[in-house]
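J.: Numbering-wise (our numbering), the sequence shown opens with residue 218 and increments by one.
Because the hints were derived from the structure by calculation, they are not lab data.
Treat the hints with care, since some could be wrong.
To be verified - Simulated pairs of lysine to aspartate or glutamate, EDC-like, Cα-Cα distance not exceeding 20 Å:
no. : residue 1 : residue 2
1   : LYS755    : ASP801
2   : LYS950    : ASP910
3   : LYS408    : GLU436
4   : LYS464    : ASP447
5   : LYS491    : GLU480
6   : LYS811    : GLU764
7   : LYS692    : ASP624
8   : LYS601    : GLU551
9   : LYS862    : GLU816
10  : LYS462    : GLU436
11  : LYS616    : GLU652
12  : LYS408    : ASP350
13  : LYS363    : GLU480
14  : LYS851    : GLU824
15  : LYS732    : GLU652
16  : LYS666    : ASP737
17  : LYS259    : GLU313
18  : LYS623    : GLU548
19  : LYS466    : ASP517
20  : LYS862    : ASP797
21  : LYS950    : ASP876
22  : LYS720    : ASP747
23  : LYS685    : ASP737
24  : LYS832    : GLU883
25  : LYS862    : ASP925
26  : LYS513    : GLU580
27  : LYS851    : ASP876
28  : LYS601    : ASP664
29  : LYS666    : GLU580
30  : LYS807    : ASP751
31  : LYS832    : GLU816
32  : LYS727    : GLU663
33  : LYS408    : ASP442
34  : LYS685    : GLU721
35  : LYS720    : ASP751
36  : LYS529    : GLU576
37  : LYS685    : ASP751
38  : LYS363    : GLU347
39  : LYS843    : ASP889
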Amino acid sequence: STMEETDREAVATAVQRVAGMLQRPDQLDKVEQYRRREARKKASVEARLKAAIQSQLDGVRTGLSQLHNALNDVKDIQQSLIDVNKDWRQSINTIENLKDVKDAVVQHSQLAAAFFLHFFAVSVPEIVRETQDLIERGELLQAHRKLMDLECSRDNLMYEQYRMDSKNTHDMNLIHTYFGDMQKLSEELAKQLWMVVQRSLVTVRRDPTLLVSVVRIIEREEKIDRRMLDRKKQTGFIPPGRPKKWKEKMFNILERTVSTRIEGTQADTRESDKMWLVRHLEIIRKYVRDDLLVAKTLLDQCFPPHYDIFNKLLNMYHQALSTRMQELAAEDLEANEIVSLLTWVLNTYTSTEMMGNSELSPEVDVNSLNPLISQNVVDQLLNKYMSTLTSNIIGWLRKALETDKKDWIKETEPEADQDGYYQTTLPAIVFQMFEQNLQVAAQINEDLKTKVLLLCLQQMNSFLTRYKDETQLYKEEHLRNRQYPQCYVQYMIAVINNCQTFKESIISLKRKYLKIEMEDTLSSSHTSMDATLDVIAKEGCSSLLDEVFIDLEPHLNELMTRKWLMGSNAVGTICVTVEDYFNDFAKIKKPYKKTMTMEAHRRVVVEYIRAIMLKRISFKNAEERKEGAEKMIKEAEQFRFLFKKLAAGSGEDTEGLCDIIEAIAEVIKLTDPSLLYLEVSTLVSKYPDIRDDHIAALLTVRGDASRDMKQTIIETLDQGPSQPNPNYVPIFKEITVPTLTVPKLLK
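Generate the whole structure from the sequences, applying the supplied hints.
T.: Below you can see the structure in the form of structure tokens.
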């Protein structure tokens, strides 16, 4: 059996343990000690075993007791169920008897509905008529009160019907038809409300209570809407026509009104009025500002705060304006119209004239308003403006020049400015046009102003080249027939003066419209314009001097001839003619006039020396040489006097040129031929550009030097040193000596 096996196992284990303890002889002494230890262990194990068995017994006792209780409970329940069953069987008869009550309730409801319908069949039309009258008399609050009562009755009736029999659509439709006129009433009342809302900005000034009534009606309807929606969540029933959403409709109507107000301000088209856009924008500005002021000061008080009416209106106006500005931007606008639109959109809109009005703040903050049109559209408009302006400026400049050219052939002198200088209107017209376009561009922004200035100066540059070509043609035309145009000299003076005016105008335009840091971008075009203007002025001056010298030609041809020696007054005539021309030239502005005087002085002296070198006379004896030389010295003095007078106040050195004539006269006057070489070498050292042919011609005019003597003098001169005046401008190099007659004279 299991017990015996366990005993055997226990004995075997014990034997093993004892054998383990008694390995060595000395361990025998400790046998007693080992025995006591084992006895203690055994006692401990037994105690633990007892405790475990005790607790097992307790658990079994508790379990038995609970099973016993459960059995009793089950018996009780069984008894109760028997009782309930008995009661239920007895009450079935009672329930059968309650069917009569249920039928009575249904009948009662139907009777109530019938009574209601009868009552409404009689009284609804009457109430509808009264309500209609109230609406027509404008007593909207009372009318709405009656409408609410009618709707309330209908809705309750329908709700009862729905509760009794939600699938009975026939009865529902019947009720709906009874109250058919009521729907029209609601629409009629709404129409009246929307008329007041449309005119709210006017109404609020004339009759604010009317507007307040309208808002109260809308608020009542909103409350009913909310109630009906709540009931729908609970019961699934909602009366026809709900929710009315009158508050939402009111905002939609306001929005439409605002759009219409802004669109309706365009009274004219471009065909009927050039200024249509300016007018349109100005009316918008005034309307929007005034409307918002009314909205802030009066309208705000007629609405509950949660309507946030002012901000809603502000957004509506902003949106409507944005739409309108985009429509305008998409039209085919002219340059000035683009400027009007951009100035309005970028500047006027946020200025104190409009949204920045102090009375609108702090509610309106211009910094937080979105742009009316996108940057992209602004850029497109600006590009279009610049390209239109470019072609306009080219056209205007061409037209201005054509008009100016017509003046050049007039038979009346050009006008003079306040200082007496001749001028034409060309510079004034051109720069006035530039100014106007720059002022317009400045209204928009700095960047555009700079672009327009660059454009103006760039076009000015090509315009001046055309101006130069036209003055050249004018000069050539005149040379073909000097009688025509009659006032050629005066108009050429005006052209020269215009060059100075153009220069000054370009500088003042840049100073006024160009930022210092932009100077460099223009310096090259400015330099080229100045250069072109100098060329025009210089060619103008030289053409005027050509005029003078064409008139002087017959008198210059008389110089250094027999006739001249016999006492002709050619130089006197020359001086009078030059002075006469210079009375006109006094109308030339200073810098150019000074150049003219110096050039005239130089050309007279060159022509005089050329006359000597032409060898038209060869003096026969010392007497003639003395007479001729003295005449030359006297004439040099006449020239000196004339040009001193013409150059009065310009501080110009006129001495040197006439000295050359006197130096040549000294060579001719010399009586001792042996000193001739010395005299000639002095002349050459002063004026080192004198060539051999000049000296040969001079000796020929003297008339007493043999061929060998000329040869010797010329050959010896080549070795001589030169000491010219440092201010000396070579004059002989432009004088040619006729060669044909040289061989004859040298024979």
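J.: Each of the hints needs a verdict: does it hold here or not?
T.: Results of checking the hints against the structure:
1. LYS755 <-> ASP801: Holds - the C-alpha atoms of ASP801 and LYS755 are around 17 Å apart, at most 20 Å.
2. LYS950 <-> ASP910: Given that 20 Å is the threshold and the Cα spacing comes to 11 Å, the pair holds.
3. LYS408 <-> GLU436: At roughly 16 Å apart (the allowed maximum being 20 Å), GLU436 and LYS408 satisfy the hint.
4. LYS464 <-> ASP447: 18 Å, holds
5. LYS491 <-> GLU480: At roughly 19 Å apart (the allowed maximum being 20 Å), GLU480 and LYS491 satisfy the hint.
6. LYS811 <-> GLU764: Roughly 18 Å separates the two Cα atoms, so the pair holds.
7. LYS692 <-> ASP624: This hinted pair holds, its Cα atoms lying about 15 Å apart.
8. LYS601 <-> GLU551: This hinted pair holds, its Cα atoms lying about 9 Å apart.
9. LYS862 <-> GLU816: Distance ~15 Å between LYS862 and GLU816 Cα, so the pair holds.
10. LYS462 <-> GLU436: Between LYS462 and GLU436 the Cα gap is close to 10 Å, so the pair holds against 20 Å.
11. LYS616 <-> GLU652: Judged against 20 Å, a Cα distance of about 17 Å means the pair holds.
12. LYS408 <-> ASP350: With a Cα-Cα distance of about 15 Å, the restraint between LYS408 and ASP350 holds, given a limit of 20 Å.
13. LYS363 <-> GLU480: Since the Cα atoms of LYS363 and GLU480 sit roughly 39 Å apart, the hinted pair is violated (cutoff 20 Å).
14. LYS851 <-> GLU824: 17 Å, holds
15. LYS732 <-> GLU652: 16 Å, holds
16. LYS666 <-> ASP737: 17 Å, holds
17. LYS259 <-> GLU313: Violated - the C-alpha atoms of GLU313 and LYS259 are around 83 Å apart, more than 20 Å.
18. LYS623 <-> GLU548: 39 Å, violated
19. LYS466 <-> ASP517: 19 Å, holds
20. LYS862 <-> ASP797: 13 Å, holds
21. LYS950 <-> ASP876: Holds. LYS950 to ASP876 sits at ~17 Å (cutoff 20 Å).
22. LYS720 <-> ASP747: 7 Å, holds
23. LYS685 <-> ASP737: With a Cα-Cα distance of about 26 Å, the restraint between LYS685 and ASP737 is violated, given a limit of 20 Å.
24. LYS832 <-> GLU883: Answer holds: LYS832 to GLU883 is near 17 Å, not above 20 Å.
25. LYS862 <-> ASP925: Roughly 45 Å between the alpha carbons, so the hint for LYS862 and ASP925 is violated.
26. LYS513 <-> GLU580: 9 Å, holds
27. LYS851 <-> ASP876: Holds, at roughly 12 Å.
28. LYS601 <-> ASP664: Given pair LYS601, ASP664 holds - Cα atoms ~15 Å apart, limit 20 Å.
29. LYS666 <-> GLU580: 34 Å, violated
30. LYS807 <-> ASP751: Distance ~14 Å between LYS807 and ASP751 Cα, so the pair holds.
31. LYS832 <-> GLU816: Cα-Cα ~25 Å, so violated.
32. LYS727 <-> GLU663: Holds, at about 14 Å.
33. LYS408 <-> ASP442: 19 Å, holds
34. LYS685 <-> GLU721: 18 Å, holds
35. LYS720 <-> ASP751: 9 Å, holds
36. LYS529 <-> GLU576: 18 Å, holds
37. LYS685 <-> ASP751: 10 Å, holds
38. LYS363 <-> GLU347: Since the Cα atoms of LYS363 and GLU347 sit roughly 8 Å apart, the hinted pair holds (cutoff 20 Å).
39. LYS843 <-> ASP889: 12 Å, holds
Hint check: violations occur at hints 13, 17, 18, 23, 25, 29 and 31; the rest are consistent with the structure.
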